[in-house]
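Given chain A's structure and the hints, the job is docking chain B onto it.
From first to last, the protein sequence lines stand for chains A and B.
Counting with the working numbering, you get residues 130 to 212 for the letters of the first sequence.
Counting with the working numbering, you get residues 130 to 212 for the letters of the second sequence.
For the record, the hints were derived by calculation from the structure and aren't laboratory data.
Some clues are possibly wrong.
Same chains, same label: a pair holds when it works inside one copy or across any pair of copies.
No more than 20 angstroms apart at the CA atoms, straight line, and that leaves these computed lysine to aspartate or glutamate pairs for DMTMM-like [claimed, not checked]: (1) Lys168 to Glu156; (2) Lys207 to Asp189; (3) Lys168 to Asp189; (4) Lys207 to Glu183; (5) Lys168 to Asp196; (6) Lys207 to Glu163; (7) Lys207 to Glu167; (8) Lys207 to Asp196; (9) Lys207 to Glu156.
Note that this is a predicted model, so its numbers are computed, not measured.
What follows is the residue order along each chain.
Number of protein chains: 2
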Amino acid sequence: MQIDEQNPSPRVPAKIVFGARLRHAREGLGLSQEVLAEKAGLHRTYIGQVERGERNISVDSMERLADAVSLPLWDMLKPLSAA
Amino acid sequence: MQIDEQNPSPRVPAKIVFGARLRHAREGLGLSQEVLAEKAGLHRTYIGQVERGERNISVDSMERLADAVSLPLWDMLKPLSAA
Numbered sequence: 130m131q132i133d134e135q136n137p138s139p140r141v142p143a144k145i146v147f148g149a150r151l152r153h154a155r156e157g158l159g160l161s162q163e164v165l166a167e168k169a170g171l172h173r174t175y176i177g178q179v180e181r182g183e184r185n186i187s188v189d190s191m192e193r194l195a196d197a198v199s200l201p202l203w204d205m206l207k208p209l210s211a212a
Numbered sequence: 130m131q132i133d134e135q136n137p138s139p140r141v142p143a144k145i146v147f148g149a150r151l152r153h154a155r156e157g158l159g160l161s162q163e164v165l166a167e168k169a170g171l172h173r174t175y176i177g178q179v180e181r182g183e184r185n186i187s188v189d190s191m192e193r194l195a196d197a198v199s200l201p202l203w204d205m206l207k208p209l210s211a212a
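The following block holds chain A by itself, in its conformation from the complex:
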């Protein structure tokens, strides 16, 4: 963990941030994990693991998931405290 000078709480790992933002975006679109998996060409169980931050996901897979929820990838990696 590192300390952000603007915000002295421990930093959340990027895969946790991505997973949380993916779940939020998916639910906001009213999509099931099954439907998102199909859109992104990935497995439903994999989506669940990614949303829980359990997978060391690759940049290509992150990009496919970002596309599937129509968000820019960089936006999905912003700290959870940010908008």
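What follows is chain B alone, placed relative to chain A:
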């Protein structure tokens, strides 16, 4: 490739963006690939491949490299046309 509504040129894949921003940051810090590799606990040849966008790098490795050049990971995935 997708079309960005703000900028109708074909989108650059995230791994190309990350690689270009990594090289720019590394060179800006005056670091060799060897030194960056040591800081990030990765191999020098791997750094070269990542900088050329040749590797489907994982989120954990991207985060280690972003830390090694003292940039937020999300910032390193912003479109190259952005600041």
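Original post:
Taking 20 angstroms as the upper bound on the Cα-Cα distance, should Lys207 and Glu156 be classified as within, between, both, or neither?
Top reply: Only inside one copy: Lys207 and Glu156 sit 18 angstroms apart there, 24 angstroms across copies, limit 20 angstroms.
Subject >> Alpha-carbon proximity between Lys168 and Asp196, which holds within one copy, between copies, both or neither at 20 angstroms >> reply: Cα proximity of Lys168 and Asp196: one copy only (9 angstroms, versus 32 angstroms across).
Original post:
Given identical chains, is Lys207 near Glu183, meaning Cα to Cα at most 20 angstroms, within a copy, between copies, both, or neither?
Top reply: within (18 angstroms within a copy, 24 angstroms between copies)
**OP:** First find the shortest C-alpha distance between Lys207 and Glu163 inside one copy, then the shortest across copies, and answer within, between, both or neither for a cut-off of 20 angstroms.
**Re:** neither (25 angstroms within a copy, 29 angstroms between copies)
**OP:** If the cutoff is 20 angstroms on CA atoms, where do Lys207 and Glu167 land: within, between, both or neither? Let me know, please.
**Re:** neither (25 angstroms within a copy, 26 angstroms between copies)
Subject >> Homo-oligomer pair classification [Asp189, Lys207; C-alpha up to 20 angstroms] >> reply: For Lys207 and Asp189, the Cα distance is within 20 angstroms both inside one copy (18 angstroms) and across copies (15 angstroms).
**OP:** Tell me, please, which holds for Lys168 and Asp189 at an alpha-carbon limit of 20 angstroms: within, between, both or neither?
**Re:** Within. Shortest intra-copy distance 14 angstroms satisfies the 20 angstroms Cα cut-off; inter-copy 24 angstroms does not.
Original post:
Within a copy, between copies, both or neither: where do Lys168 and Glu156 come within 20 angstroms Cα-Cα?
Top reply: within (14 angstroms within a copy, 38 angstroms between copies)
Original post:
Under a CA distance limit of 20 angstroms, which applies to Lys207 and Asp196: within one copy, between copies, both, or neither?
Top reply: Both ways: Lys207 and Asp196 sit 16 angstroms apart in one copy and 15 angstroms across, limit 20 angstroms.
Comparing the model with each numbered hint stated earlier shows that hints 6, 7 do not hold.
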